[in-house]
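Spelled out, the chains give:
Protein chains: 6
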Amino acid sequence: MQVLLFITGEDVKLFYHVKELQYHAKPERPDPIFAKQLQEILGGQFGEISVALQYLFQGWAVRGNGKYKDLLMDTGAEELAHIEMLATMIARLLDGAPVGDLETAAKDPVIGAILGGMNPQHAIVSGLGAMPADSVGNKWTADYIIASGNLLADFRANLNSESQGRLQAVRLYESTNDRGVKDMLSWLIARDTMHQNQWIAAIKELEAKENVVVPSTFPNHLEKREVSYTLFNYSAGNESATGRWANGPSMDGEGQFNFVENPVPYGNKPKLKPAPPYIHDTLPAVIKGQSGKIPPSMY
Amino acid sequence: MQVLLFITGEDVKLFYHVKELQYHAKPERPDPIFAKQLQEILGGQFGEISVALQYLFQGWAVRGNGKYKDLLMDTGAEELAHIEMLATMIARLLDGAPVGDLETAAKDPVIGAILGGMNPQHAIVSGLGAMPADSVGNKWTADYIIASGNLLADFRANLNSESQGRLQAVRLYESTNDRGVKDMLSWLIARDTMHQNQWIAAIKELEAKENVVVPSTFPNHLEKREVSYTLFNYSAGNESATGRWANGPSMDGEGQFNFVENPVPYGNKPKLKPAPPYIHDTLPAVIKGQSGKIPPSMY
Amino acid sequence: MQVLLFITGEDVKLFYHVKELQYHAKPERPDPIFAKQLQEILGGQFGEISVALQYLFQGWAVRGNGKYKDLLMDTGAEELAHIEMLATMIARLLDGAPVGDLETAAKDPVIGAILGGMNPQHAIVSGLGAMPADSVGNKWTADYIIASGNLLADFRANLNSESQGRLQAVRLYESTNDRGVKDMLSWLIARDTMHQNQWIAAIKELEAKENVVVPSTFPNHLEKREVSYTLFNYSAGNESATGRWANGPSMDGEGQFNFVENPVPYGNKPKLKPAPPYIHDTLPAVIKGQSGKIPPSMY
Amino acid sequence: MQVLLFITGEDVKLFYHVKELQYHAKPERPDPIFAKQLQEILGGQFGEISVALQYLFQGWAVRGNGKYKDLLMDTGAEELAHIEMLATMIARLLDGAPVGDLETAAKDPVIGAILGGMNPQHAIVSGLGAMPADSVGNKWTADYIIASGNLLADFRANLNSESQGRLQAVRLYESTNDRGVKDMLSWLIARDTMHQNQWIAAIKELEAKENVVVPSTFPNHLEKREVSYTLFNYSAGNESATGRWANGPSMDGEGQFNFVENPVPYGNKPKLKPAPPYIHDTLPAVIKGQSGKIPPSMY
Amino acid sequence: MQVLLFITGEDVKLFYHVKELQYHAKPERPDPIFAKQLQEILGGQFGEISVALQYLFQGWAVRGNGKYKDLLMDTGAEELAHIEMLATMIARLLDGAPVGDLETAAKDPVIGAILGGMNPQHAIVSGLGAMPADSVGNKWTADYIIASGNLLADFRANLNSESQGRLQAVRLYESTNDRGVKDMLSWLIARDTMHQNQWIAAIKELEAKENVVVPSTFPNHLEKREVSYTLFNYSAGNESATGRWANGPSMDGEGQFNFVENPVPYGNKPKLKPAPPYIHDTLPAVIKGQSGKIPPSMY
Amino acid sequence: MQVLLFITGEDVKLFYHVKELQYHAKPERPDPIFAKQLQEILGGQFGEISVALQYLFQGWAVRGNGKYKDLLMDTGAEELAHIEMLATMIARLLDGAPVGDLETAAKDPVIGAILGGMNPQHAIVSGLGAMPADSVGNKWTADYIIASGNLLADFRANLNSESQGRLQAVRLYESTNDRGVKDMLSWLIARDTMHQNQWIAAIKELEAKENVVVPSTFPNHLEKREVSYTLFNYSAGNESATGRWANGPSMDGEGQFNFVENPVPYGNKPKLKPAPPYIHDTLPAVIKGQSGKIPPSMY
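Protein chains in written order, with the numbering used here: chain F, 1 to 299; chain Y, 1 to 299; chain X, 1 to 299; chain W, 1 to 299; chain E, 1 to 299; chain C, 1 to 299.
Hints are supplied without guarantee of correctness; some may be wrong.
One copy or any two copies: either way a pair holds, since identical chains are not told apart in the list.
[Claimed, not checked] Below, computed lysine to any residue pairings styled on SDA-like, alpha-carbon distance capped at 25 Å:
| # | residue 1 | residue 2 |
| --- | --- | --- |
| 1 | K271 | S291 |
| 2 | K273 | T242 |
| 3 | K288 | G96 |
| 4 | K107 | T230 |
| 5 | K288 | E20 |
| 6 | K273 | N238 |
Quick caveat, the hints were computed from the structure, so don't treat them as lab data. Owing to the predicted nature of the structure, the values given are computational and were not obtained by experimental measurement.
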């Protein structure tokens, strides 16, 4: 890598891809079963596709620029590089993956285990490439991502994503004996450590500016304040009454937690009006238990 | 409501439903357009179905009992009651909703606005009932919910859900002039205030016990510590270098944040091995730019 | 249509398509808003794609041939023809559909209503063709269909499909003033009348052979017979105690309905065992409310 | 369970959860493969989430109260308790589930079978908890549920759900040797027996009031009566002509079934008009087989 | 097959089903693992359901009739017959499929491999029938299909479908030792050969009429011609500069390819305006790094 | 942009983001209705998310490096920049978007049109930001993308994507009067012109190396050659017989096209064997029309 890529700012590209990986992604040996499992942190609910697109969409939506937007773009771009590392690792875990049917499986227990345990789409669909899917084969969906325009809300989403993501990476670390895979996971786990720390720092900063309830810009008096700090007991047993959330000042410092052991309903038994005839719901008479026969003249 | 429902513990039911609502759900007047919008907090990503099932699934998965499980069940059961309030409100907003085509729409601009702006499935599919769907009609999916077995991770998910949910409820509050709808929303917004406070309290308690990085049970030395507190600059501009997340001790107290302006790749340019012939990927020769013709003898 | 298509049985084709429609599909005038609504019975949960593929998949799965399989194939093939009728009608309702933005909409209230009320994908994606989607634009999914290999179960699914489908067609009939559309709907509604009658007839025949509980082949004594005919009261109020389902002989003739007003739990309070350490769930100590700090030696 | 939970009606809660299970949910021994299979009746198309939410949404939409609504709420609340039983059972079947890669699998055939046959998300994602997903890992979706506002239509949906659900529970009963699992399934199967009986009873009552075709409120003469009782032969072979559905009085008592062996089309060959130029569909000239070159002046 | 089905054109049916298969679909022996894999080309992204419905929807949308429409209907109807062949084959591969749990699996490695490797829904849900799903169990969705009203665009979609489809069929051919399965696949592979040839022929014909860029009807001068034939280098390394796509006349004959090694941005750094207060996004002050505290008077 | 970003190759980052846009994305004025429509080419089936991830996944899966991989990475990275342009444009079209209910809508027809025609999630969910969704609100899904490991197959997918994508961009260009939006679209349309040309060039090169049928590596003699070039007439009318695809040498130069007007089935009428009793499908006796009553002893 001796070439001079950018000489001056005039050469600024946009999204720009460099072929080197952020970190090594080389397993000791192929393992198509583990390739299937590893898909979880590539294309699952908290996989790298989710965090990459979540941070980018949050960043693109920031109204006004500054350090929060820059932080989102920095991290979003890094997660794209993580997708690439995982895609590379998975392709290598699939190197030379066998194909076959029951006859093949019956001949050799190890091949049989692979055929039963690998994702068949890794052979049939992607031709031994990684897929934008999770460890059971569900395709990635934007249902997984969150961007609301409110940074405190979204940084909490991000902290959750990095918490779930690191948890899954750690579980995968525990599931493999391959030192190459463990090495790459130790990198991703460390990055998740940073990202949890980073979002906590950003959250604390915003909470100091805005207080802790999102959105901070809704006037308190417009909400039903009498139940803003109340824990209602809707499950038998009152262990929950002993927690911090039921005692002492509320976390936003604007009220006192309290516990209601036997909550009563504040509303009435609802009764909905009949639907108009053109909707053809069950007739009111029938609901009441009477006959719903339409007079023959109607036919 | 004068009947004695439970005399002794022997009469303990399970999930038990009472017909009264937790709080009033009566609009001043029907409004099918707003009914469509209100679906967001019933059946959207952060609607009441999501929080109800998220808390219940987390609660059912707690290994061991105690106050956290009780808290999850209390709150999960309450969210079921919120679904019912919203379902009731939506049905009432749909009271007597008109149906029609362009001819109907052209005759009266207000009817026309309703026909264009309401969700057609409210008439055709549900017969003026609420649907398990969001404000554009996407059906609710369990892709929205999170339950990992790790309570600190999950309480962060919950804090995010209540933050996004309250934000959406507030936006809906701003969108309506109906005092009945506003009244109900002021209840839900207050409950979200409590639920944000409650999860913050629970998170703080767990963080005090476990420190802030999830999962806390993975030995530090197994991760690549040299990058555990580093912000890499992958987006032009270095505004992000000025944040707390790039300076001072890390939030977990176990390192120092640092900023790398010009990060270098730690990995090589990956080169994947060819696939076996039975996979029928593009041949290595073709990838290299040579002919891929198969000798006639192969046919 | 004077040509002789098939001379002898040797010319038997397979699925074979004839260009004529089963029935007319010509609206009086274009109406892009109604085109959007009509999508419901083409590509919605109970639209024609659903019944066509449901009947065909059930038919292909029949183990052994005979009249039930033939009936399924007859009806499945007819539903394919209904898809074509609806696709034709929708394309004609979209004839010359306008496109435009707010400026266009602001100029003419009727055009404005169309732009707001039509499905934008009818212009942008399908180029004024029908889409395999419902009235809010959700794409058709095989989640909608049912085929279990048990004909009594499946015919009940079919009866439901035709009931929901006719209900939706009737609601659409009520929503339009266009005589061409009403004419086509009156055909589809009549066919749904037949199909409801037909599945009822088939169900009665199977129930006479097998009794009413599916599957009939599971020996009674293996189920917990003491609760096979019991209505448990899990919702306050006991109006449900007055129904036929709580009194008299059960519908399968093998028991007596009964009502339990105050049901008690038969099971214990469950307590799950801790997860193994490699799963990294919250530690048992933490669940119990104790510290979850890992000794430094672990790091 | 000695505590007095409710003293008077004033203490009426809403949805209320009691920690005891409706019935035992304890396997003899862990079995992660069966845990995966059992997910089908928790989070599959006809699993307990589906029936719980289906009955609740139907109940909330009933316009007017009475015994049908009460029945729906009773049953919906019970199904919530069934979700809990299954979630508990699945968590216990996952107790101590192993994790690992090919190396682990190759060492011990039984561990290998578990690793290949279990759902990897049970370890990586849920941390040995049940998931809101089916036996292949598809997440639960509200596409599965039905609530139309027409009770006869919806009770048919319910009868189908309980038929498919009991069929699946029976198949799972046949698939396990574990007496604890069989015991729990024998409870669920019995409840499905009740629920089938119950919906049949309710359907019969409504049919007696409304006749059998849904919706009963659409005047007969508006449908194309000449084809309301006709079976068209669209599949070679006429075995279907011998069924009850092709002979004798129709099930609604308003017509005579008949069979048409060689049905003719009632409609013409459709020909759609060209799209406007701004839609950029293929030009009419090109469709006719002529050149579609645009004159250079257009560029 | 001695019966005379159609005597004259007056007997023309619509979609018509004949019970014979287009080609044999009989395996040498059951193989539930292969049944699962074979689902890919029945209900996967490029399975037979996809091509059948894609061609039919394209055909129904053709505005004007003629040879292209006829070709689409011919091929769409054939693909329905392919669904039937695959459904039949899969049902036979499932003949007598075992069910069981870990205990069953542990007793016999071959049964164990089947239980781990088969799709559990083939037993629990479909009762040994084929499902409208792919090889990992994702249900078929209309997200897979394409119909735009522009035939050149759509025939390119079709060529892609037949290319991906044949590739998958070939990979499955390589995966089985069963001569019956191979025989059926050799038929489907040959038909895909025809269908690729056929769409190439149709594409060449349309390209000759319209030139190669879709849509051909958009005047050139309205696009930003200065970048219509430019390859921008957004990935380090310039191997791509050596391809035909970066040198010589463009394929549409209307320009010259060129390569820009160091592309510069043509746009500015975007800065979005603040959202209105009723949206409750993060406040501009907070974005800028100032306090976001709302004055107490607001509460 | 005066800063020197990269001095030497040692500073090579990975995915790297620059804040300038590839091209301007500024509308003349806000238009929330058009913002909704524009979502189609951001998050729809052929939107920029689809092409970005499709090219990147194809690139990461290339086994061996070289110009094809480089081309994929160049283009994939560019599409990321297009997502950013569209996200920026959509946010600006949403500037100051109104919220409101029927009362608000009734007061001002233009506001009413906006409330009816805009995507409500743009206000409630994203806070006036772009969403990863299409023009009717369906969330983006990886079901849209294709990467098979076979470059000729995949480049055909790419050519289709760019054809559908340019068609949609052109339709949107026709739908707006805003010169700023038209300006940006004219850029995207030009880039799609390039990308169509580019994939055509790459396809021609691969076809020259491999011939036209994918995969080229499957020996001809293993497919059923007698039907490799045959058009079967499965739709009444034989206009399709007149096309190039039914006459003359096949496009792969290895056969002759031919047309079969009255195709016969090559397979038999399939008859499936009964399922084993533990599957509880309908009993063979019942299928045959006999009684399915189980002897009482079985209960």
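For each hint, the structure was consulted:
Only within a single protomer do K271 and S291 lie at most 25 Å apart by alpha-carbon distance; the minimum there is 21 Å, versus 47 Å between protomers. In this assembly of identical chains, the alpha carbons of K273 and T242 lie at most 25 Å apart only when taken from different copies (23 Å versus 43 Å within one copy). In this homomeric assembly, K288 and G96 come within 25 Å of each other (Cα to Cα) only across copies, at 20 Å, whereas the closest approach inside a single copy is 68 Å. For a Cα distance limit of 25 Å, the shortest separation of K107 from T230 qualifies neither inside one copy, at 64 Å, nor across copies, at 40 Å.
Within a single copy, K288 and E20 get their C-alpha atoms only as close as 72 Å, which misses the 25 Å cut-off; across copies the closest is 19 Å, which meets it. In the homo-oligomer, the alpha carbons of K273 and N238 lie at most 25 Å apart only across protomers (22 Å), although the nearest pairing inside one protomer, at 39 Å, exceeds that limit.
The structure does not agree with numbered hint 4 stated previously, though it agrees with all others.
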